[in-house]
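J.: Can you make the complete structure from the sequences, with help from the hints?
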Amino acid sequence: MRAYHDLGGLSAGTVPQEEHELQLWEKRVEALLVLLTRKHILRVDENRRGLESLGGEVYHSLSYAERRILAMSNNLILKGIFSVDELATKLAQIDRRQDPLP
Amino acid sequence: MSDTHDHAHAAGHRHPPQPDHDDTLTYYRKLEMAVRELLIEKGVFTTGDVRAVVEDIESRTPEGGARVVARAWTDPHFRELLLNDATAACAGMGFEMALYDVKLTVVENTPDVHNLVVCTLCSCYPRMLLGLPPAWYKSRAYRSRAVHEPRAVLREFGLELPEKVAVRVHDSTADLRYLVLPMRPQHTESFTEQELAALVTRDSMIGTAILRAPD
Amino acid sequence: MNAALAAGVAAAATCAYARGERIRVRKVDAPGHIRTPHYIRGKIGVIERCVGFFKNPEELAYGRSGEPLRALYRVRFLQSDVWDDYRGGPGDTLDIDLYEHWLEPVTAP
Numbered sequence: 001m002r003a004y005h006d007l008g009g010l011s012a013g014t015v016p017q018e019e020h021e022l023q024l025w026e027k028r029v030e031a032l033l034v035l036l037t038r039k040h041i042l043r044v045d046e047n048r049r050g051l052e053s054l055g056g057e058v059y060h061s062l063s064y065a066e067r068r069i070l071a072m073s074n075n076l077i078l079k080g081i082f083s084v085d086e087l088a089t090k091l092a093q094i095d096r097r098q099d100p101l102p
Numbered sequence: 103m104s105d106t107h108d109h110a111h112a113a114g115h116r117h118p119p120q121p122d123h124d125d126t127l128t129y130y131r132k133l134e135m136a137v138r139e140l141l142i143e144k145g146v147f148t149t150g151d152v153r154a155v156v157e158d159i160e161s162r163t164p165e166g167g168a169r170v171v172a173r174a175w176t177d178p179h180f181r182e183l184l185l186n187d188a189t190a191a192c193a194g195m196g197f198e199m200a201l202y203d204v205k206l207t208v209v210e211n212t213p214d215v216h217n218l219v220v221c222t223l224c225s226c227y228p229r230m231l232l233g234l235p236p237a238w239y240k241s242r243a244y245r246s247r248a249v250h251e252p253r254a255v256l257r258e259f260g261l262e263l264p265e266k267v268a269v270r271v272h273d274s275t276a277d278l279r280y281l282v283l284p285m286r287p288q289h290t291e292s293f294t295e296q297e298l299a300a301l302v303t304r305d306s307m308i309g310t311a312i313l314r315a316p317d
Numbered sequence: 318m319n320a321a322l323a324a325g326v327a328a329a330a331t332c333a334y335a336r337g338e339r340i341r342v343r344k345v346d347a348p349g350h351i352r353t354p355h356y357i358r359g360k361i362g363v364i365e366r367c368v369g370f371f372k373n374p375e376e377l378a379y380g381r382s383g384e385p386l387r388a389l390y391r392v393r394f395l396q397s398d399v400w401d402d403y404r405g406g407p408g409d410t411l412d413i414d415l416y417e418h419w420l421e422p423v424t425a426p
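Chains as they are written, first to last, in the numbering used here: chain A, 1 to 102; chain B, 103 to 317; chain C, 318 to 426.
Errors might be hidden in some of the hints.
Stated by the list, open to error - Here are the computed lysine-lysine pairs in the BS3-like style, where the Cα-Cα straight-line distance is at most 30 Å:
1. K372/C <-> K360/C
2. K205/B <-> K240/B
3. K27/A <-> K266/B
4. K39/A <-> K144/B
5. K132/B <-> K144/B
6. K27/A <-> K205/B
7. K27/A <-> K132/B
8. K90/A <-> K205/B
9. K360/C <-> K266/B
Said to hold, decoys possible - The calculated label-pair distances, taken between Cβ atoms and stated as ranges, are:
10. G349/C <-> E57/A: 48 to 58 Å
11. E198/B <-> A347/C: 33 to 43 Å
12. V215/B <-> Q17/A: 50 to 60 Å
13. F370/C <-> R314/B: 37 to 47 Å
14. G56/A <-> D177/B: 29 to 39 Å
15. G13/A <-> D401/C: 16 to 26 Å
The hints are simulated quantities; they were obtained by calculation from the structure and are not laboratory data.
Where a beta carbon is used, it is the ideal one built from N, C-alpha and C, also for glycine.
T.: Take a look at the structure:
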């Protein structure tokens with residue numbers, strides 16, 4: 001049985017070649033991963049395993065950055081870096097801000 | 103799915119609040135903010151750390167790889183070192199290689215062999231030299247088809263290779279990151295290293311393009 | 318370092334397979350973090366080189382040490398050996414970096 005991220009050899013359409021400049025938040029997702037791996041909090045392999053644990057439907061419906069931040073969040077909770085409650089509280093705090101999106 | 107903002111966010115630049123046209127997009131952007139702020143509050147790193155890494159990410163562009171290619175074309179000793187120990191060769195040119203815990207590997211195109219790089223399992227890419235991968239490299243279609251039907255994929259990129267040129271696909275499944283050393287275009291004997299570097303495209307270093315002789 | 322780990326480290330310090338040797342990729346299916354793509358399992362290729370020794374990503378993925386180190390190989394496959402329906406040149410190949418424990422010897426031609 002093939003895992004859903006293991007794509008080599010599957011049928012697919014033409015390669016979409018439109019360039020897509022990353023938004024700032026997407027670059028920040030990459031930056032967070034770089035910092036977490038440099039500080040030995042997460043390993044690249046754990047990040048990948050996190051992506052491979054999201055479930056096929058989620059994996060294929062989210063964008064690259066979206067699934068990276070979701071997998072990272074799961075991993076950080078798993079490692080006890082922050083709790084579900086701390087994350088939920090922070091998200092609610094962000095929701096209450098006047099102009100939440102930078 | 104993504105919004106259309108493509109300009110840099112200068113300090114102090116604010117958007118009006120986004121309309122809720124796409125809850126999932128807004129949710130993941132908020133999640134990034136939440137994770138980042140929590141990690142900063144807990145002292146894992148600082149706002150300055152994040153900014154510095156974003157700047158480093160933005161500073162790495164295919165021009166880096168192009169400079170390495172141009173050096174390899176003009177300096178046989180460097181080319182030899184590059185093919186045997188790419189990390190050392192690039193560090194010697196001033197690239198900060200130690201931040202990336204992977205082994206850069208350069209594979210050269212010849213009249214008999216054309217190299218193409220893919221990561222079918224995720225999106226491993228030689229970021230230290232080329233910066234962030236293009237969207238197509240991370241796409242489901244490229245990851246699925248590059249190993250199975252490389253010539254059809256190359257045709258989509260406008261590259262048709264004769265059968266006698268062997269197409270060699272590299273699937274980056276471990277800690278090696280592959281960079282293609284394209285063949286030097288003809289009629290460039292008088293070019294300076296800088297002029298040569300200006301000819302080298304990102305796609306030629308991934309393998310979805312070759313470099314034509316300049317007009 | 319205990320004796321078992323020392324033996325493991327010592328064992329990992331040599332490459333079991335040599336350049337040019339034919340190998341088969343193990344045809345096993347297991348859940349978990351695996352860096353051997355599904356499409357290459359059961360296929361026969363040739364060792365292009367032993368790349369070196371690395372911590373096992375299958376273990377690192379779960380927060381474990383990944384030791385003892387495992388030998389990593391670049392293995393070259395003829396595309397026509399990998400895909401029944403391959404369309405391209407007869408010399409077209411596929412190079413993949415595979416860990417030693419995913420490879421087994423091929424004795425028959």
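J.: Taking the earlier hints as the rules, which of them does this structure contradict?
T.: Per hint list: 3, 8, 10, 12 and 14 violated.
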